[in-house]
Each structure stands twice: as C-alpha cells, then as structure tokens.
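Asks: Residue numbers (my numbering), protein chains in the order written: chain V, 3 to 73; chain H, 28 to 586.
Hints are computed from structural coordinates only; laboratory data are not their basis. Model, not experiment: these values are computed from the prediction. We treat Cβ as the ideally placed atom computed from N, Cα and C, and that holds for glycine. Do not rely on the hints blindly, as some may be mistaken.
Here's a subset of chain H near chain V, in silico, CB distances under 10 angstroms, partners left out [claimed, not checked]:
| hint | residue |
| --- | --- |
| 1 | 242 |
| 2 | 252 |
| 3 | 301 |
| 4 | 381 |
Computed beta-carbon distance windows for the label pairs [to be verified]:
| hint | chain 1 | residue 1 | chain 2 | residue 2 | range |
| --- | --- | --- | --- | --- | --- |
| 5 | H | 369 | V | 70 | 16 to 22 angstroms |
| 6 | H | 525 | V | 48 | 39 to 45 angstroms |
| 7 | H | 252 | V | 58 | 35 to 41 angstroms |
| 8 | V | 62 | H | 176 | 36 to 42 angstroms |
| 9 | H | 225 | V | 65 | 26 to 32 angstroms |
| 10 | V | 69 | H | 58 | 50 to 56 angstroms |
| 11 | H | 525 | V | 58 | 43 to 49 angstroms |
| 12 | V | 48 | H | 405 | 54 to 60 angstroms |
| 13 | H | 471 | V | 51 | 30 to 36 angstroms |
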Amino acid sequence: MLTPLVGRLRLSRPVEEPLALPTLEPHAAMPEEMPGEDSGSSRFRTTLIRVIIVQVIAIGLLLLLQLRYQP
Amino acid sequence: MHPINWLIVGVYVLWVVVDGIRKSKNTDTVSGYFLANKSLSWWVVGLSVMATQLSAVTMIGTPGQGATDGMRFIQLYLGLPLAMVILGVTIVPLLHGSGVFTAYEYLERRFDARTRTLTAFLFLISRGLSAGAIMAAPGVVFSAVFGIPLVWAVALIGVPTVIYTMIGGVQAVAWADVKQMILIVIVLVAIMIVIIVQMPVNPDEALRIAGATGRLKVFDFSFDLSERYTFWSGVIGGTFLMLSYFGTDQSQVQRYLAAKSTGEAKSSLLMSAYWKIPLQALVLLVGVGVFVYYQFVRPPLLYNPAQEAAVVAERGPAYDALQNDYAEAFTLRQAAAQAVADASGDDATVAMEVFVAREADIQTIRGEALAMVEDVTGEASGDTNYIFPRFVLYELPIGLAGLFIAGIFAAAMSSIAAELNALSTASVIDFYRRWMKPDADDAHYLAVSKGATAFWGLFACVVATYAATLGSLIEVVNRFGSFFYGSILGVFLLAMVPGAKSRGAFYGLIIGMATVGFVAFGTTIEYLWQNVIGAVVVLLVGVPLSKFVEDDLVDAGGP
C-alpha cells in the first residue's frame with residue numbers, strides 16, 4: 003500500500019544518520035530498576051488502590067450533588 | 028487594599044525568595060541545578076506537580092467560572108487519575124531510569140536528533156509564550172483591581188520568581204511549590220468557610236438556589252464532539268490531554284525526574300490523581316458559593332473597576348439608567364432566591380421557575396453592560412475573571428484577603444518558576460549542549476543555565492506586559508499549543524512500539540500536527556478530542572512508515 007510513496011521519496015544517494023547517540027530499541031531503552039524500588043513499587047500499588055477509592059467517592063459525591071439538587 | 032493585607036503579601040513573597048535562595052545549596056552542578064541530584068521525596072515532587080498545574084488563572088478564573096457556569100468544568104479532569112496510573116507504568120519508568128535531563132533527550136536516544144530537536148523547539152516556543160500568558164493573567168487583574176500600571180504588576184510577580192528560580196534551580200522551585208500549594212489549599216478552605224458562615228441561608232438552601240440555575244449540573248453524559256465539557260470528552264479526551272501534559276511536557280516531567288527513585292516518581296504523580304478532582308471541586312464550589320452569596324448581597328454590575336470607570340466616563344447617563352434597572356432586578360431576584368430557600372414540595376418548583384426568570388433578567392442587564400464595555404474599550408470584557416478578586420477584596424475580612432492575594436502570587440510564581448526552569452533546561456540541554464558546545468564543564472553549563480533562566484524570565488515579562496494588547500494573539504498561541512500536544516504524546520507512545528523507527532516518529536509527528544490543525548480550523552470538534560486525534564494519527568502514520576519505508580529514504584527528507 004505504501005509502495006508508491008516509497009518510490010517518490012527515494013533519493014539517489016544514501017544520507018548519513020545524523021545521530022550522535024545510538025538508536026535504541028525499546029527493550030534497550032527501558033531503564034533498569036533502581037535500588038529501593040521494591041518499597042517504591044509497593045507504595046505505588048497501595049496508593050493506586052487508594053486513588054481508585056478516593057476517585058469513586060469523589061465522583062459519587064458529585065453525582066449525588068447533581069441528582070439531589072439539580073432539577 | 029488594607030496595609031495588613033499588603034504586609035501579608037510582602038512577607039510571603041520575601042519568605043519564598045529568601046528560602047528559595049537558601050535552597051540553592053548543592054546546586055553547583057548541572058544535575059543538582061536541573062534535577063536536584065535526584066534527591067526529592069515523592070510528596071515534595073507530588074505537591075510541586077500540583078502547584079505547577081494550579082496557576083493563577085485557576086485561582087482567579089475558575090471560581091468565576093463556577094459562579095457563572097457552575098460545576099461542569101470539572102469534567103475536564105475526569106481523565107487525570109487514569110492518565111496518572113498509565114504514566115506510572117509507562118513513561119515515568121522510561122524517563123526516570125534512562126538518566127535524561129529532558130523528555131526530548133530521550134527521543135534522540137530512541138529515535139533521532141531531529142525528532143528531539145523538533146519536539147524541544149515546539150516546547151520552547153509554546154511554553155515561552157505561555158509563561159508570559161500565565162504571568163499576564165494575574166498581572167492584568169492586579170493592575171485593574173489595585174489601579175497600578177501593568178508593568179508594575181508583572182514585575183511584582185516576575186522579578187521574585189526569576190530570582191529564586193535562577194539562583195536555586197529545581198530544588199528551590201520544588202520547595203517553594205510545597206509552601207505555595209499548602210497556602211493555596213488553606214486559603215481556599217478558609218474562603219469556603221467564610222462564605223458558608225456569612226451566607227444568610229444554610230448550605231442545603233444554598234445548594235437548592237445554585238441547583239435551580241443549573242450550576243450543580245456536574246456531568247453531561249451526551250456524546251457530542253462539539254460540546255467542550257462532557258463526561259466522555261473528559262474521560263477520553265481528558266485522559267489524552269493529561270497524558271500529554273504530565274508525560275511529555277518538560278515543566279511536569281522535570282519534577283518527577285528529580286525524584287529519588289522511579290517508585291517515588293510514580294507515587295508523586297499519584298498524588299495529583301488523588302487530589303486533583305477534590306481540589307478542583309473545592310475551587311468550583313467556592314465559585315458557586317460566591318454566586319449564592321451575591322443573591323443576597325448586591326454585587327457590582329461590572330466587576331472590573333477599570334472598565335466600569337471607562338464606561339462611566341463615556342456613557343455616564345446610559346450606565347446610570349442601567350444601574351437603576353439592575354437595582355430593581357436585584358431586589359426581585361433576592362426575594363425569589365429567598366423563596367427558593369424557604370419553599371418545599373410543589374411550591375419549590377414554582378419558586379424555582381420564578382427565580383430562574385429573575386436571574387435571566389439580571390443576566391440581560393449585565394449583558395447590556397458588557398456590550399457597553401466592548402463598545403467603549405474595543406475589547407472583550409473578561410468580566411468573569413474579576414468576580415472572585417472583587418468578592419475577596421470587598422467581602423472577606425482583613426487578613427484573609429491578604430492571604431488570598433498571597434495565594435494568587437503563590438499560584439502564579441509556582442507555575443512560572445516551573446516553566447522558567449524547564450525552558451532553561453531544554454534550552455541548555457537540548458540546544459546549547461547538544462548543538463553548540465557539547466564538551467564544556469559543569470560550571471560553564473551552570474552559568475549558561477542561570478543566564479537562560481534570566482532570559483526566559485525577561486521574555487515572559489515582556490510577553491506579559493504586552494499581553495493585554497496581544498489578547499487575540501495569546502489565544503492563537505494557546506490554540507497553536509494544542510495542535511501538537513497530542514501529537515507529541517503520539518511520538519512517546521510510538522517509542523514504546525517495538526520496531527518503531529525515527530522516520531515514523533518524525534513524519535508521524537508532522538502529519539499528526541497537520542491533521543489536528545485541519546480539525547481545529549475545519550471542524551467543530553472540541554479541543555479535548557484533538558489530543559486524541561493527534562496521538563492516534565501519529566501512531567497510524569508512524570507504525571506503517573517504520574515498517575514499510577526503507578531507512579535511508581525518508582530520513583533524507585528531514586531537516
């Protein structure tokens with residue numbers, strides 16, 4: 003499907019890659035976990051659960067406000 | 028304003044600057060200056076992120092919006108918690124662990140230099156101008172309310188901010204944000220309490236009055252792409268907007284890059300997920316409270332004193348006649364509002380209908396006054412932005428008004444400081460160090476970084492000073508910014524697609540922005556959806572381009 007496009011973009015000479023740094027594939031670009039990440043990840047999960055609870059309560063209260071007072 | 032209020036403002040601003048300078052310890056390296064040597068705790072970063080997002084526009088304009096339009100604006104933030112969770116498991120670990128200074132630096136590692144340079148350039152242009160716009164908003168209001176020249180108002184906000192940002196780097200910015208966020212919340216809660224205490228009706232009756240005029244309609248479940256704030260545009264479009272803003276905008280990214288660890292960076296974002304909707308609800312409810320308060324205390328016909336003076340000078344008799352009509356209409360509406368508060372059962376429905384009709388009369392008269400403003404001054408009035416400052420200065424007790432003004436300073440300074448710090452980082456890391464002087468030592472980059480902060484501070488002050496006369500231009504700039512927010516997010520999403528290549532990212536970004544530009548000018552689709560369109564187009568273009576077009580072909584067409 004893209005063949006015609008390729009034809010139009012083709013140049014007669016190769017052009018050097020302008021990068022100073024190597025191009026990394028996603029797996030290579032993914033960082034290593036840092037020391038102490040276990041506690042951080044655990045906190046993330048705990049906080050995530052709290053976030054969900056708080057949002058459900060907040061949106062529920064706003065919906066109640068609308069249902070109760072909005073004619 | 029009362030001298031005690033000025034004293035509170037002065038002491039607060041002095042404290043922020045002095046403490047910011049004290050926090051300049053350990054910022055004698057580029058890493059210390061831009062990333063605080065990755066030493067900040069999650070709660071410091073979290074409060075800093077929230078303070079950055081809560082600008083003076085939020086403090087001034089959003090309560091006004093709550094007073095005139097009600098709670099529906101909150102739908103914009105419905106996607107924020109989801110966006111934060113997504114960022115916590117995708118972009119945050121990617122950026123924090125890769126040792127970059129800017130989000131755009133990562134794009135060079137993953138794709139190529141031109142993608143990095145283009146995205147960093149777009150950031151500098153849009154954020155440089157928006158820093159001016161952020162400074163202009165409170166500057167214009169202060170100028171009108173206190174009757175001081177705009178240049179002074181801008182300098183009052185800009186100079187202290189530039190000083191502590193330039194000297195203290197991200198560490199000073201983050202710690203100042205913590206103080207500012209705490210102050211803002213205290214001020215909002217205090218104002219809400221005062222409104223409730225001073226209102227002649229109880230909270231239940233107040234909510235009935237607000238509800239009668241539709242101001243408590245929080246959610247609109249219709250699926251209308253041309254409606255700005257609906258439940259669906261908030262959940263879907265809002266998620267993409269927040270992913271773009273918190274995931275790819277250097278002013279936000281730089282906060283969590285300064286966190287101690289990836290886990291702390293993730294947790295810092297979840298703090299916004301926690302508090303943003305409740306906080307925004309509080310801001311809007313304060314506005315709704317002001318609306319109800321003004322049912323029983325007659326507000327001015329025009330809230331902007333400078334514009335009112337201009338109208339009186341040019342159209343005195345006509346404006347006086349309008350004032351008389353307004354006084355009569357207010358008395359009738361006040362009685363109708365009291366009837367809504369007192370009524371029950373079937374009477375309540377009738378009372379509400381009468382009240383809505385009286386409110387419409389008031390709005391008609393205000394519409395005539397605003398039309399006079401436009402005729403006399405030749406500019407849109409923007410009267411909504413003056414509702415809350417006027418309320419605070421005239422209706423709140425001495426001290427609390429000073430705290431509010433300090434709160435506006437806090438909100439403005441925290442947002443501007445973050446912008447300046449991020450602009451300086453992108454200028455030095457993505458341009459100066461990348462293209463001009465790659466081998467200099469830390470001391471050199473540090474000096475250039477401080478110079479860049481001062482430059483962007485001055486640039487923002489100049490833009491802010493001329494913002495009043497460049498009103499429509501600023502709007503265009505803001506709209507221009509929305510063209511590439513979603514598209515830049517698309518590039519970061521593409522970075523996570525295995526096999527995605529630089530040509531896909533670069534041309535996907537350009538085609539994504541062009542598509543959003545077409546949608547913005549050629550259709551009625553609202554801006555929240557444009558972020559979705561931008562991101563999706565980059566992926567739809569970028570993935571096949573990466574897969575099917577040979578390496579040396581499209582890259583040759585790059586800059």
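Asks: Hint by hint, note whether the structure agrees.
Replies: For each hint, the structure was consulted:
no.	hint	verdict
1	242	9 angstroms, holds
2	252	22 angstroms, violated
3	301	5 angstroms, holds
4	381	13 angstroms, violated
5	H:369 / V:70: 16 to 22 angstroms	18 angstroms, holds
6	H:525 / V:48: 39 to 45 angstroms	31 angstroms, violated
7	H:252 / V:58: 35 to 41 angstroms	27 angstroms, violated
8	V:62 / H:176: 36 to 42 angstroms	49 angstroms, violated
9	H:225 / V:65: 26 to 32 angstroms	28 angstroms, holds
10	V:69 / H:58: 50 to 56 angstroms	52 angstroms, holds
11	H:525 / V:58: 43 to 49 angstroms	35 angstroms, violated
12	V:48 / H:405: 54 to 60 angstroms	57 angstroms, holds
13	H:471 / V:51: 30 to 36 angstroms	47 angstroms, violated
The structure is inconsistent with the numbered hints 2, 4, 6, 7, 8, 11 and 13, although it conforms to all the rest.
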